[in-house]
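Chains as they are written, first to last, in this note's numbering: chain D, 3 to 299; chain E, 9 to 366.
Misleading hints may appear alongside valid ones.
To give an idea of the interface, some chain E residues facing chain D are shown, with a C-beta separation under 10 Å as derived from the structure [as the list claims (entries may be wrong)]:
{"#": "1", "residue": "T84"}
{"#": "2", "residue": "N89"}
{"#": "3", "residue": "I90"}
{"#": "4", "residue": "V93"}
{"#": "5", "residue": "I99"}
{"#": "6", "residue": "L113"}
{"#": "7", "residue": "N115"}
{"#": "8", "residue": "R116"}
{"#": "9", "residue": "S145"}
{"#": "10", "residue": "G160"}
{"#": "11", "residue": "R163"}
{"#": "12", "residue": "Y293"}
{"#": "13", "residue": "Y328"}
{"#": "14", "residue": "K331"}
No farther apart than 20 Å at their CA atoms in a straight line, the calculated lysine-lysine pairs in the PhoX-like style are these [to be verified]:
{"#": "15", "chain 1": "D", "residue 1": "K198", "chain 2": "D", "residue 2": "K209"}
{"#": "16", "chain 1": "D", "residue 1": "K198", "chain 2": "E", "residue 2": "K117"}
{"#": "17", "chain 1": "E", "residue 1": "K152", "chain 2": "D", "residue 2": "K209"}
{"#": "18", "chain 1": "E", "residue 1": "K125", "chain 2": "E", "residue 2": "K25"}
{"#": "19", "chain 1": "E", "residue 1": "K331", "chain 2": "E", "residue 2": "K350"}
{"#": "20", "chain 1": "E", "residue 1": "K117", "chain 2": "E", "residue 2": "K152"}
Just so you know, these hints were derived from the structure itself, not from any lab. Values in this document were obtained by computation on a predicted structure and should not be read as measured data. In this text, a Cβ means the ideal position worked out from N, Cα and C, and glycines have one as well.
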Amino acid sequence: MSATIKPVNQKAWFLILPVLICVAFSAIMPLMTVINYSVQDIISPTQKVFVGTEWFASVMRDEELHGALLRQLLFSLSVLVVELPLGILLALAMPAEGWKSSATLVIVSLSLLIPWNVVGTIWQIFGRADIGLMGYGLHALGIDYSYTGNPLHAWLTVLLMDVWHWTPLIGLLGYAGLRSIPDAYYQAASIDGASKAAVFWYVQLPKMRGVLMIGVLLRLMDSFMIYTEPFVLTGGGPGNSTTFLSQFLTQKAVGQFDLGPAAAFSLIYFLIILLMCFILYNWMQRVGTQEKEGAHE
Amino acid sequence: MARIDLDLAHSYNKNPKQDSDYALLPLKMTFEEGGAYALLGPSGCGKTTLLNIMSGLVTPSQGTVMFDGRDVTGATPQERNIAQVFQFPVIYDTMTVAENLAFPLRNRKVPEAQIKKRVGEIAEILEMSGQLNQIASNLAADAKQKISLGRGLVRPDVSAVLFDEPLTVIDPHLKWQLRRKLKQIHHELKLTLIYVTHDQVEALTFAQQVVVMTRGRAVQTGTAADLFERPSHTFVGHFIGSPGMNLFLGQAGADGFQIAGRTLPLPSGRQLPAGEIKLGVRPEYVELVSAETNGALPMTITLIQDVGTHVMLSASIANYKLKARLSSDVSGLSVGETVWIKVMNEHTCFYKNEEIIP
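Here chain E stands alone, though its shape is the one from the complex (with noise of 0.2 Å):
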């Protein structure tokens, strides 16, 4: 196991001129030992590069690659000692579920009753004992993927599992049984193990830290929780949470933030730098108050959908559209009927240039 620092930038183009010729840029990154991370972001952001920069399958055009303190920007995958899980499954046709286990074991030259021995706690965890004698290449798409992690997984020694989006092919009810089991085997086998993902479901119940990248930029690294309290970046703000992040570009003024021709007044101690800013409020932080309260936005309700847990509700005042997410004990509301909605509160978050104002 080890720990990886990351200082580089990567462009596949020879001579990169503008920020959109980066498939990352400059950016500086630590992977703590012994941890869960997910790279989280939309495709094309950069994460699976990055992912690719830190096995040794790409290298950075500028910048470099630490494992432990040791520069491996050079090194190949089997010198830096990485694993790798694929999108795609990737099995060995002519190989028995067993073989597969092991080949990269075998290949290492690890004593046979050594590998055995791996193999089948490998097996066990994946629930695969029953099949090992199976040819690979017989096997459902789903536990072709078992195969990948569990050659990801077999070699006790890694620096670390990385992992590109390993459950895209799986179906929806296996696809948590393996998340799960993932967790299970971080803590069972305490790898450092690095997941990407542009499902946030997938990133934020699997990793203990998320980096959530957009156009080869890493805006934001943080737990569940940060992400969702405090995005850092307003892209952060809307891609995490379901649906996103209310954004509303407004002013701020000496007395509180102007928006539709209204001035909100801001927490208490809060303060704000003059000039364009953007609030944002997550929709479970709406609040629903009586009419004419200071501070509230009359808007006009747009579209109510209960979905059961809840209710959620679309309003708009101005060009300002709004989603709000309300218990589903919430009732008398009609769509074209004005409520007052209050959007200022501790969770609120202000942004300028789209990076949060602190």
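This is chain D alone, in the form it adopts within the complex (with noise of 0.2 Å):
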């Protein structure tokens, strides 16, 4: 280490300043807003009362918000558990070259770009007994099927809809993933003398790894925020069944203009959703790489 003093210049902060003004207009002063409405009760636009961790107190309490945060968790990892094998089985289904491959993507992106309120309405149709075709057909079916009436049924509805949404999105990246692997790969597991299964489980899902790992924290992130879809087929019920996170803050915010405590529930929303991936992110990265380290003499 040599003993000269390093040139100082400071000028090189003012680099960074148009970043620093950019993230503080976009989110800091926005996310300040939510922490002051936090801490407040507002009673008036003129009136309010500083109230300090009182809010997120009462909210940590909230019964109702722990069977809507239960319900969320559920519903996100059913989202996962189903969509991640159905979309690697899709993109091992999707054709490799030709018009059929780009028939193929086509074809399977569609669902991805109908707006959420669609979905809902489709779904919503869907399922009537009187006029939807899967109503209808389950009716036929002898199966007394309802979202509307029955807590499951709607509960399922709405995981049926994210699933037909948003698996596709699961399949592209695959896809992707997929195309990305040389040839001789292949070529050398061909010779191996390597079963389909063991090309997949050895060459196909480890090369997948990592737009996989995008595909579930872009599916966790945006399950965990699922808002429109419930509104529009069965508007959170029937009860609370279908009420999940983000739906429960609405009606605090909106239907009971109780701002404080949504604000500070927000806030804890925030911070589940950010430890949520955090720690998936984190194990996703370690699966395959690191389990093995431990045997290394």
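Each chain sits in its own coordinate frame; assemble them with the hints.
See the structure below:
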């Protein structure tokens, strides 16, 4: 290490000023508004009282919130459990080249282009027993299907709707991952005598890991924020069986004008998503690369 | 192990019309059991296609591939029991080095005890015994390629092991080691090894027999000495050697070979058909002789490069350019000077239509 003193140039700070301003306006200031609300009781536009962490404490103890959070966790988990394997299957089944591949890509992407509220409306009609194909069909099979009356049916319909809407995303990401595997890997596996299952486990899946991880994170975050589809389909009911976190939040903030608790809850909501993504990301980074490191002498 | 007979042609076009449509022109070739062969040629000459046809990754558009007299033209790589190592390392990311090496054996349901023993042996040869439990994806490129090599060599009963430029990604000093390793493996394991490369040093040091290929044709098969001393095609002449053979186009007449207004008498007992003929002489066999020697050419020196072990001399007469490799004790030469050079001796080869005249 040399003892010479490094030249100091503080002007470099000015270079990050534009970024700082952008971030301040786009993220920090709106967030500050929320934080501001979360520690005050807004009685009227001119009357407010500082309440400290009171809102946080009451929100954390809210039974309704616990219910919504549990439903949300179960829902997001189900979304991942169903969509991930289904998306991988879809990616594996898609033709690799030629016009069939282009046609399949377009068809598979279609559902991704439909706006959320339209998806909700489509399924609302699709599930109706009088004019909807699915509702009518299920009734014809003797199943007393009703997404407005039966909590389980409502929950399953919302899940099915999400799977229908978003599995293609995992499929497309997986497809991109598959196409990036050099031919030599398949050739080598074929020469090594690998079965189709072995090729999947040892070549395709590890090579898809990166894109699938992005897919899982996207689906986790998105499903955690799901709002429009259940709102249009069931309005959160029957009871509150399909009231997920963001709808709960909207009821509080817009419906009851409890801005303070709503803001406190927003922050908690945000931290939950952040934490879940952090845990998931780190876990997926480890899968396959680190787990056997322990065996290394 | 198996003896491989090829009698085939291959085109990636559906309806090949001319020679250039073929990746491989009709060829007949035999690889003997237990031999070490190299396929040598520039990029795009068809050597990788030929290798993939042997391994079964590509089916030839016409002709047959025989292993020990058995027709395997339509058989898969697994049915042929071939091992192949590719240009870029292929490793199974999630497996350890040992699992990677064991993979071809596990797929074939070899008993675990036997797998362990064989993997140990191969790791020993590749000097990877200490890394067996590491995850393969964390290793450097040359270690990964050693794993690929190892997976190629791990099955003791393979028909042949095919290498497709396996040392491209390896550092030069490691290349030496790995090449020596391969030779040693050939001695120890007695496998049939076929090695594709565009590097003549690699081919000539590795193989007992080298097949030189260009534009879909196998132009010569022979030992390093054969290719050096008597290239059967002008392509082999200038491709092998550093620099390659000097080739001069001239006329053969009754009294000798006419070039640049001079007639060079042929070596005794040598006959040539009349007409346009190419004379080929290796830079190593060019002689510097005293002025006005009969059968020598007065050439003007254009460049002298002393590379330490020898002197490379470039000289020209009319449109003919010549390179000569002289011992480093020649002195007193300077650029622009005229020297007398003898190109005609018992090592000189003659070519008509690019093919050697025996």
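Cross-check of the supplied hints:
1. T84: Constraint on E/T84 satisfied, holds at 7 Å.
2. N89: Status holds, d = 9 Å.
3. I90: holds, 6 Å
4. V93: At 8 Å from the nearest chain D Cβ, E/V93 passes the 10 Å test, so the hint holds.
5. I99: Status holds, d = 9 Å.
6. L113: With Cβ-Cβ at 9 Å, under 10 Å, it holds.
7. N115: holds, 4 Å
8. R116: holds, 5 Å
9. S145: At about 7 Å, which falls below the 10 Å cut-off, the nearest Cβ of chain D leaves the hint on E/S145 intact, so it holds.
10. G160: holds, 8 Å
11. R163: holds, 9 Å
12. Y293: violated, 42 Å
13. Y328: violated, 45 Å
14. K331: violated, 39 Å
15. D/K198 - D/K209: The hint holds at about 15 Å.
16. D/K198 - E/K117: holds, 16 Å
17. E/K152 - D/K209: Status holds; Cα separation ~16 Å.
18. E/K125 - E/K25: violated, 53 Å
19. E/K331 - E/K350: Holds, at about 12 Å.
20. E/K117 - E/K152: violated, 24 Å
Consistency with the previously given hints fails for numbers 12, 13, 14, 18, 20, ordered from lowest to highest.
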